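Visitor: Turn these sequences into a full structure, and let the hints steer you where they fit.
Chains as they are written, first to last, in the working numbering: chain A, 636 to 1062; chain B, 636 to 1062; chain C, 636 to 1062.
It is worth saying that the hints were derived from the structure and are not from the lab.
Note that the coordinates shown come from a computational prediction; the quantities given were computed from them, not determined experimentally.
Among these hints, one or two may not hold up.
One copy or any two copies: either way a pair holds, since identical chains are not told apart in the list.
Said to hold, decoys possible - Here are the simulated lysine-lysine pairs, PhoX-like style, with alpha carbons at most 20 Å apart:
id, residue 1, residue 2
1, Lys1030, Lys1042
2, Lys840, Lys760
3, Lys783, Lys672
4, Lys900, Lys874
5, Lys907, Lys744
6, Lys1038, Lys675
7, Lys664, Lys866
8, Lys692, Lys672
9, Lys983, Lys744
10, Lys849, Lys990
11, Lys813, Lys725
12, Lys983, Lys900
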Amino acid sequence: MKVIVLAGGEGKRMWPIQTDKCLIPFLGKPLLYHNLKSLKDNIEAKEFIIIVSPQVKEQAGKIAEDLDLNFQIAVQSNPTGMADAILSAKDLIEGEILVVNAEDILEPKAYQLSGEGDVRVVGFKVDKYFPGGYLKVTGDRVQAVVEKPGEGNEPSDMIKLVVDYFKNGKQLIEYLQKASTDKDDSYEVALDLMIKDRVEVTFTKYEGVWLPLKYPWHILDITAYFLSKLKQQIPPQAKVSEKATIEGNVVIEEGVKVFEGAVIKGPCYIGKNCIVGNNSMIRQSNLEEGCVTGFNCDITRSYIGANSWFHTNYIGDSVLEGDFGMGSGTVLANLRLDNHTIRVGDEKIDTGRDKLGAVAGKGSRVGVNVSTMPGVRIGSGSLVGPGVVLHEDVKDNIKITVKQEYKVSEYTTSLTSYNQFKVKINH
Amino acid sequence: MKVIVLAGGEGKRMWPIQTDKCLIPFLGKPLLYHNLKSLKDNIEAKEFIIIVSPQVKEQAGKIAEDLDLNFQIAVQSNPTGMADAILSAKDLIEGEILVVNAEDILEPKAYQLSGEGDVRVVGFKVDKYFPGGYLKVTGDRVQAVVEKPGEGNEPSDMIKLVVDYFKNGKQLIEYLQKASTDKDDSYEVALDLMIKDRVEVTFTKYEGVWLPLKYPWHILDITAYFLSKLKQQIPPQAKVSEKATIEGNVVIEEGVKVFEGAVIKGPCYIGKNCIVGNNSMIRQSNLEEGCVTGFNCDITRSYIGANSWFHTNYIGDSVLEGDFGMGSGTVLANLRLDNHTIRVGDEKIDTGRDKLGAVAGKGSRVGVNVSTMPGVRIGSGSLVGPGVVLHEDVKDNIKITVKQEYKVSEYTTSLTSYNQFKVKINH
Amino acid sequence: MKVIVLAGGEGKRMWPIQTDKCLIPFLGKPLLYHNLKSLKDNIEAKEFIIIVSPQVKEQAGKIAEDLDLNFQIAVQSNPTGMADAILSAKDLIEGEILVVNAEDILEPKAYQLSGEGDVRVVGFKVDKYFPGGYLKVTGDRVQAVVEKPGEGNEPSDMIKLVVDYFKNGKQLIEYLQKASTDKDDSYEVALDLMIKDRVEVTFTKYEGVWLPLKYPWHILDITAYFLSKLKQQIPPQAKVSEKATIEGNVVIEEGVKVFEGAVIKGPCYIGKNCIVGNNSMIRQSNLEEGCVTGFNCDITRSYIGANSWFHTNYIGDSVLEGDFGMGSGTVLANLRLDNHTIRVGDEKIDTGRDKLGAVAGKGSRVGVNVSTMPGVRIGSGSLVGPGVVLHEDVKDNIKITVKQEYKVSEYTTSLTSYNQFKVKINH
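Guide: Here's what the structure looks like:
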């Protein structure tokens, strides 16, 4: 069996995160690494065909080599959906195939398809409407695949995950070519055509973790998932002060220093060469390599990309892509004082989360004593000046500073001696 | 002897504190509990008559039951002063009575009246003018009671506390009925009438603690008084980190957790189920039950009502009624940079205090990185938004947020590449 | 040999630092003390002639007495340069003299002049243009002294330090009297005249530390120099909590208290009676006597004058002259987010430093949650109000506060019930 790994998904909704979804690192390794490893460890497969966007080709190859996979890379030039992705690899596809998505998180048991169909898919019960492909079923037989039916029109409460087995890979290619490919649902259309042509499609119901990665705050769910798998591991070379506290399932990589009074409460991942400064507290977070928390930071339930530095900050439920810097006293607020769920952007996308801090793209900088409101997004390379109370998103490569108006007066020893005058200064 | 306990005082000057003065809890018990207990322990009394406002009736009864008192409750419907209060209970009054105020703090020795008069009162020497009833005396005989004579017109430096013994309670009732009751000084007028009618009124000079509760900052004085009585008491079940420090007369109630690096320096009271977060420091403060200090708070000489939560804050000399929340980085400033005493409100009430932080009513919320100026009052249910520098009181149920004006420019790598433009954004 | 110590230099460029340069204390002693001690310990001198401005006379005398020097004080009434300074002491000068500057830092070996000339000077190789006197040399003979030639016109890369030996002090006086003294380069002109008159002037090249004190941020370099000489010294009487950490070459004076969780990492000097509050961290800094860090301060590479107090602050690479106060949450930012070197004032003086915090004159005050930008100067006796983001210098005796505009609305339980109205409040 060949495993077709879809790793070229678009990330339009991932702004301000620039990194290709499959390359976002968790626990020091890209998401693609984790997913390929899970597939390798849990599926008997002869070969992997990894379909990626051009810019990811080289790194994907290295990841597959690291895992000692038998693999081929196919490049999808213009990402226009799953059908287009698979057709990019059509010359490599034959015999039995399993199509999987490298950007979702699934537990290994999701790959254990039972059923007898020539096509076998995996269904997942949803509690509320999800904009994906729904399965219309009778027993274990799939009667139809309905892509994004709209809320209230669902044929069932079962959506199709992307773990699709085809006894005859060539047949899938033929159907994909038949289906119009100018929309992003061609794959589901092809599948539906196969059913109409009486190809036997069966499904297995999967009950376990499924974490899609559509919006940047989904990174927090995936972080929590990976952290939940950790066992405590502190290398003897790590320099951990005797006055620091490390508790629970904390993984510390080499070169890490943890200073006096610091507290790390697991699950946590502290990447290579990170410095956890005096009196800092880190809980339930993933710090990629080279981060410096400085003095007295509180980092909770957050994802911190490589080479980020902090100094006396509160970072709660936040996603910082990396190369990020933050001045002393800055707070990424993560809770609305009215306790509403956090909505993001002009579109007010409801994240469904009670707590969400900021999402910041790579290379962004935030000055001292800044306050960012729950759910704001800060674009890559942007700079938020000192003292800003940030209520709205900041696009990429923007500098935003606050203009303060001052009252300036002579000042000697008592309030009665003021000789007041007013000056307006802009910055 | 019957003790007439006046517990229905108005709290007009207590805004933004809503809780009836006699029900404000200290060390986990309402003020009325403490005062009734002191009376029970220090006076030989057959019966207590507790005069309260209607909304307090039930709770006052429970408190008296807890103390296993022989008591009756009288309800004063419209609080219009002491005379009105006592007349509310006129049918219960006969024989010897002692009239006391349940909202002042006095040491037990204040109740040990000597003297031979049919009426015996307690005098207290004041250093400067106090708007109360002054005693004109000869030896231990009271010649007159002068209510609020105005500064400079005091007949002596001795004011009358409310610890008044009457050999004949019925006689007091008669005089109260004679005195006009349309003003709040009818009680003093009645007393003065008795003197004029040659009833023998003697007085005892009391030298000890007397703490009236008129303004909310008086809660700080009363807190300090109760704290001064504590002895260290840490239940074995309390979860106190070995890396935490507890020093001096600290009382910790059950269910409390104290995390690494936290410091509690007595005298302090930490109520049931409170959480003292990592690196937080609490000194000379009273925290009622269910408070959470979060990470790295500094709470000093403050009164914190139940179920308040904090996160990286400085709270100095402040009164927070309860159900209060504060965002990270917020500071309740407690000291004027010009070292003047703190004055409060539009009326500039001089508190006489060098240090006073904020006073916040029940259920108020303060966002991140807020700065409140010394002596500001925040009304119940109000919300102070992030970044506000609060110089003035906020009424009940108000939301106040700061409007910032921004400068927004493109930002690439160097200052010379700015393409500047201005945008005004209001929030 | 007599040593002529020039200690009356003007400090125009030192604003907002008021203290005479030679009286600025390091490690608890004035700069003049350190330099006189180094001269005493490293030069065989019969007598010291200390030339000072009138206001320093008394203190300079005490310092010399403390050091048990054989000395005389000369007063320079109007500081108009070195020539004028030396002429102030002309009646005291005879025989061999060594002229040194008491405001520069030099290592002892700088005083070991070799050479055979009747006049012997010390040269120092500079990497880039320095506005001082340049030496034109052949072998060890000085051919000319060129004062401030301007960049590109330097006769060599060797500037003359102020360590000048004259076999005949009287001769120097004569030449100084000949040279026009209405400019501040008369001393160099006189020296050049001597060369033209065939007086033999030789020079020694000095390779070592040379730290001039022209601008206030030079205090940071001098602080680092003095700190580098420390060895750990903690008096047994100092009250250092067992939960505090002291590491490296830290000198603690008597009366100091260090509280739980505090960290002092050497080299550091903690002056008499300083209090290092809970969880505060001090690194590579000099704190003169009587400072209080309060709770949770981070003080790094800074110079802190006597009797300054802090509370939850970040103070990086800053110079605070003393009697300084700072409110909780205030940050002296020390790093530009664009990583440029720090420029100071309207003139944009390039300090050449990547990191520079604030420079504050004596008696200044900064409120809570203030953010000062890298390199701002705050004048003596000035007050920066809460919440200010300070981008510009504040002159002496000025109060600057921020005017915020607010949005005030009724607030009950949900966002939909707002009855919004706008109020503008100025402070």
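Visitor: Against this structure, judge whether each hint is valid.
Guide: Going down the list of hints, with the structure as the test:
| no. | hint | in the structure |
| --- | --- | --- |
| 1 | Lys1030 x Lys1042 | between (32 Å within a copy, 14 Å between copies) |
| 2 | Lys840 x Lys760 | within (8 Å within a copy, 80 Å between copies) |
| 3 | Lys783 x Lys672 | neither (31 Å within a copy, 69 Å between copies) |
| 4 | Lys900 x Lys874 | both (17 Å within a copy, 16 Å between copies) |
| 5 | Lys907 x Lys744 | neither (31 Å within a copy, 45 Å between copies) |
| 6 | Lys1038 x Lys675 | neither (56 Å within a copy, 55 Å between copies) |
| 7 | Lys664 x Lys866 | within (17 Å within a copy, 45 Å between copies) |
| 8 | Lys692 x Lys672 | within (18 Å within a copy, 69 Å between copies) |
| 9 | Lys983 x Lys744 | neither (36 Å within a copy, 65 Å between copies) |
| 10 | Lys849 x Lys990 | within (18 Å within a copy, 40 Å between copies) |
| 11 | Lys813 x Lys725 | within (14 Å within a copy, 98 Å between copies) |
| 12 | Lys983 x Lys900 | neither (33 Å within a copy, 46 Å between copies) |
When the structure is compared with the earlier hints, violations turn up for hints 3, 5, 6, 9, 12 and for no others.
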